[in-house]
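Participant: Heads up: the protein sequence lines correspond to chains A and B, in order.
Read the first sequence against the numbering used here and you will find it ends at 584, with the numbers running on by one and no gaps.
Read the second sequence against the numbering used here and you will find it ends at 413, with the numbers running on by one and no gaps.
Treat the hints loosely; a few may be bogus.
BS3-like mimics (lysine-lysine), calculated; alpha carbons at most 30 Å apart, straight line [claimed, not checked]:
hint, chain 1, residue 1, chain 2, residue 2
1, A, K333, B, K154
2, A, K333, B, K274
3, B, K89, A, K333
4, B, K220, A, K381
5, A, K386, B, K220
6, B, K220, A, K564
7, A, K75, B, K220
8, B, K84, A, K492
9, A, K64, B, K220
10, B, K274, A, K77
11, B, K107, B, K78
12, B, K261, A, K333
13, A, K405, B, K78
14, A, K333, B, K107
15, B, K69, A, K381
16, B, K154, A, K381
17, B, K274, A, K405
18, A, K333, B, K220
19, A, K386, B, K154
20, B, K261, A, K492
21, B, K232, A, K386
22, A, K333, B, K105
23, B, K261, A, K564
24, B, K84, A, K333
25, A, K333, B, K232
26, B, K71, A, K492
27, A, K492, B, K107
28, A, K564, B, K154
29, A, K405, B, K232
30, A, K168, B, K328
In case anyone wonders, no lab produced these hints; they're calculated from the structure.
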Amino acid sequence: MRIPQKVKKFLSESRYDISFVVEEDIVFLKGRVETYEDWVDIGLKIGSIKGVNGVVNDIEWDGKRENDFEDLNKKSKRSKKENLGEYEIVIIGGGIIGCSIARELSKYELDVALIEKEPDVSLGQTRANNGMVHPGIAPSKKTLKRKLNIRGNAMYGELSQELDVPFKRVGSLILITPRTMEKYRRYLPGFFYKFFLKHVLPWFVKRKGEMNGLEGIEILKGEEIFQEESGIVDDVISAVKIPSTGIVDPYEWTIALYENAKKNGVDFYLNAEVLGFDKEEGLIKKVFTDRGVLKCGHAINAAGLYSDVIAEMAGTREFTIHPRKGVELLFNKRLEDRVHNCLAELKIPSHPTSKGGGINPTVHGNIIWGPTAEEVESKSKTSVDKEEIHEIMERYTTILPQFPKSEFIRYFAGVRAASFTEDFIIRPAKKVKNLLHVAAIQSPGIASAPAIAEYSVELLKDMGVDLRRDDSFDGERKSIDRVSEMSEDELKRRVEEEPSWGNIVCTCEMTSEAEIVEAINRGAESFDAVKRRTRAGMGECQESYCLLRIAEIISRELDIPLNKVKKEWEESQFFDGIVRGEEP
Amino acid sequence: MMDVVVIGGGPSGLAAASEIALKGYEVMILERDDELGGLLQQCIHDGFGTILFNESLSGPEFADRFIEKVKESNVDIKLETYVKSVDKKEGCFELLTVTPEGVHKIKSRSIVYAIGCRERNRFEIKIGGTRPAGVYTAGTVQRLVNLYGVLPGKDPVIVGGGDVGLIVARHLYLEGVDSLLMVYPEDFFSGLPRNAQQCILDFDIPYRNRTTVKRIIGDKKIEGVELVEVDKNWEMIPGTEEICECDSVILSVGLIPYSEKVEELGAEIDKETKGPVVNEYYGTTVEGVFSVGNLVQIFDYVDDAVKTAYIVADGVDKFLRNIDGKRKKSVKLVPGDKIRTVTPQRIDYDEGKEVTIFFRPDVEKENAEVCLVSSEKVIKKYRKKYIRPSTLEEIKVPKGLFDGEKEVIIYVL
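From just these sequences and the hints, can you work out the full model?
Facilitator: So this is what it looks like as structure tokens:
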């Protein structure tokens, strides 16, 4: 059956009246459904049809509130005329993907610019990620995810040396417990159920990994599991250890890429939102932003959650992003010794709306639980409710029953940019030949990022970009030194040279004044930007001791009054007003 | 080699340092801030010292009395000093300190921790919603207003009816913030009655009891909160949610002892007080390591917190002089029915002295009988006119009462 027939067949069974068009293997849907869930469901079903290359889901649903596409006309009016320059390549989006591509392109003799609508890089889905560098066991064969995940994972070790950002190959354990196949338990007598979980299922998991090209996978049983991870629930039946799984701090990584790309000549335009394109003969010639206009030879759509909006602006919609929220719980560093591997309990079938997630260590010593997975209407919905906190506490406590689950220090959420085909969309746009989509990058996006950058450059070459190596490229980048990581002698020397190394501002994370000043010198203009670069404020007390002390340093270094110091955006100034009789 | 290093230059640390120095020991005091006085420096309201000095002093005035004492004595004062690590060595402790003047190793025979407490934040009480600018702890606001002359906002919601919240509310009101709302989950303000009267009721500041913040609203800057009513057990009552616009949220939702450092040294932590377990001389379960003030438990009055410092001086003295008067097995003091916390948690010495025991009731009651029970026998009874969870109570146990006991349970009848 060809795609139109398959779509038609599926839609004829639906209780709604949905019309569709198929063009170059992209399915365009129109109609109306009652609920958002139905909107997601239909999109996913169409997306799973073999051969479908993208789903543009323009079905309306009752109670729809936001529309990303409605105000595109209004948007274009905000654009500024100022000329920002001419570039061979303009990257749209400063997340881990945009910044990885920027750095990769900085190895060549090209004029490259990156545009980011937020005041800093890594502020979209990148920053709310748990930092797991997946091994590549989950994606199914023939997906782009599988290919790029395994390659990307392998690239992390060397890159982490160059960028001076911690990356740890901690390994992961896929745990098989009596709850793994609970749904099927009634079909299998007790003995067979256990036998299957102990001797057959782990072998299947291992085999799947090996088929994907992973090496060194081991099956653990009994005592071996507890030797690997002592806190695991007693009734665990077997476990599959994958050695190549790693962890990284996603925003530290992205900031490092940003700094290194900048050093190698990429121009970054922060606080610049793309508002429209100027096209000639089907090619993008200019990119309009609220900071000015960039002329370009090629453009890259790495706009994450908003990549479908960028595609629409460019006149080449080929996919719709359906936002999928994930909540994480972050635990106190003092629990560091309790978890060494990335842990997940295998569930078959996986939870319908919230598959995945687990318990991970982080490179900084915090333990992180999550994420959940929930389809949400709004791309900016990162709020976390009490029920969600409890949901995470309950779900993962089955793996580590002794873990003090109430000792979390923070919770947060991010939104994944999922497409209905559920694979990465990395290809030249169908209707705009000089636009490269690098879109729908959700899990395992972090793990794949270095390989995505490489692959994107290959595609650009095919698209006609002339790639000549730039001999002056310097891939080495140094991170801000940290008192918490210094030896006694090193610290002694530094304090003698510069006393502010000895002024500890954040006592939970042991961050010195010198580190904060260095972050500001490197471009941090807000409290959160300083925080991401230095970890000040990320400890147990969650800023209650150091907030004012850091704000004071920012105020001094940027020469602005204390009540003009912002948390992140222009609109997020901390304080308002002065005490009677005081001069501002 | 120092005899004693006191970590923390707040009122309890200051009092401990000067008392111990009076006994002729070499004492050093370490403070992370650039001045002594601790939290009192940001508490410019009065009401401090009513117990100890029979006067009503402001925070800095109260602190000054102890700062003067320390300066008059032979105490070595180190400011802007961060203790990076403490290692237990043969017969002494080795501290590694970091200061703008340099990195130093300090050896000491004993340590008194007086590092106080920190404020609970929005994550610890699971407030939902977004994470925008505009959510502060009350202590941060006190510091902001009093030391920097800047206001947190013009339309704040204050969460928590404890003393710090009450005082911050009044202060903001007096500084020209007239659109204030205080919410708290109890039936009545949990702070001292005099503070409730003088800070909120006298100024007609609007407040809502049995109410808490369910969610914070606003992506970049806070735009409002969703308030919800709560029942007796502080559980939210569905259907009572209400949106309230505001430009800041100020949290005064409790304090937690900074016990992580003592715990790392191996000291046992009390799950209820969240501070280290101490004996009647405020010694922790690690020989030579003592703990005083709000690190032991949260006191209502700084005067009471300082009392622990006077007592610790005798304990440190005993330790340094190697006086062995310890019982073979210490007597455990255990909170029983309707009691939340008891300090000290152990009686280690049997030379006998009157012991002051602090306890926090878990019940509101008039004419309460507080009983000390050992092996199911009441060994002493006290009568209290009125007790409630928000007021820390004390009883004095006469000499010799604990002799021969193993475990004494304290409960309210």
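Participant: The structure should be examined with respect to each hint, and the outcome stated for every one.
Facilitator: Here's how the hints hold up against the structure:
1. Distance hint between K333(A) and K154(B) is unfulfilled; the C-alpha atoms sit about 36 Å from each other, more than 30 Å.
2. Distance restraint check for K333(A) and K274(B): the Cα-Cα separation of roughly 17 Å lies within the 30 Å cut-off, and the hinted pair is therefore satisfied.
3. Using a Cα cut-off of 30 Å, the hinted pair K89(B) and K333(A) holds, with the two alpha carbons roughly 25 Å apart.
4. With a C-alpha separation of about 12 Å, the suggested pair K220(B) and K381(A) falls inside the 30 Å cut-off, and the hint holds.
5. At roughly 21 Å between alpha-carbon atoms, K386(A) and K220(B) fall within 30 Å of each other, so this suggested pair holds.
6. Under the criterion of a C-alpha separation no larger than 30 Å, the hint pairing K220(B) with K564(A) is consistent with the structure, at around 15 Å.
7. In summary, the hint linking K75(A) to K220(B) is supported, as the alpha carbons are separated by about 20 Å, within the 30 Å threshold.
8. For the suggested pair K84(B) and K492(A), the alpha carbons sit about 13 Å apart, so the restraint of at most 30 Å is met.
9. The suggested pairing of K64(A) with K220(B) holds, with an alpha-carbon distance near 23 Å, which does not exceed 30 Å.
10. Distance check on the hinted pair: K274(B) and K77(A) sit about 58 Å apart at the alpha-carbon level, beyond 30 Å; violated.
11. As the CA atoms of K107(B) and K78(B) are separated by approximately 14 Å, the hinted pair is consistent with the 30 Å bound.
12. Distance check on the hinted pair: K261(B) and K333(A) sit about 13 Å apart at the alpha-carbon level, within 30 Å; holds.
13. A C-alpha spacing of about 38 Å is found between K405(A) and K78(B), which places the hinted pair above 30 Å, so the restraint is violated.
14. A distance of roughly 28 Å separates the Cα atoms of K333(A) and K107(B); the hinted pair therefore holds under the 30 Å criterion.
15. The straight-line distance between the Cα atoms of K69(B) and K381(A) is roughly 55 Å, outside the 30 Å bound, and the hint therefore fails.
16. The suggested pairing of K154(B) with K381(A) holds, with an alpha-carbon distance near 27 Å, which does not exceed 30 Å.
17. Proposed proximity of K274(B) and K405(A) is supported: the alpha carbons are some 16 Å apart, at most 30 Å.
18. With a C-alpha separation of about 28 Å, the suggested pairing of K333(A) with K220(B) holds against the 30 Å cut-off.
19. Annotation: proposed proximity of K386(A) to K154(B) holds, straight-line Cα distance about 28 Å (limit 30 Å).
20. Of the supplied pair hints, the one linking K261(B) and K492(A) holds, its CA atoms being roughly 23 Å apart against a limit of 30 Å.
21. At most 30 Å may separate the alpha-carbon atoms for a hinted pair to count; K232(B) and K386(A) meet this at roughly 19 Å.
22. With a C-alpha separation of about 25 Å, the suggested pairing of K333(A) with K105(B) holds against the 30 Å cut-off.
23. This hinted pair does not check out: K261(B) and K564(A) have alpha carbons roughly 35 Å apart, beyond 30 Å.
24. Between the alpha carbons of K84(B) and K333(A) the distance comes to roughly 16 Å, so the proposed pair stays at or under 30 Å and holds.
25. As the CA atoms of K333(A) and K232(B) are separated by approximately 34 Å, the hinted pair breaks the 30 Å bound.
26. Distance restraint check for K71(B) and K492(A): the Cα-Cα separation of roughly 29 Å lies within the 30 Å cut-off, and the hinted pair is therefore satisfied.
27. With a CA separation close to 18 Å, the supplied pair K492(A) and K107(B) stays within the 30 Å bound.
28. Restraint check for K564(A) and K154(B): the C-alpha separation of about 15 Å stays at or below 30 Å, so the hint holds.
29. Using a Cα cut-off of 30 Å, the hinted pair K405(A) and K232(B) holds, with the two alpha carbons roughly 25 Å apart.
30. Of the pairs offered as hints, the one joining K168(A) and K328(B) is violated, with about 49 Å between alpha carbons and a cut-off of 30 Å exceeded.
Checked against the numbered hints given earlier, this structure breaks hints 1, 10, 13, 15, 23, 25 and 30; the rest are met.
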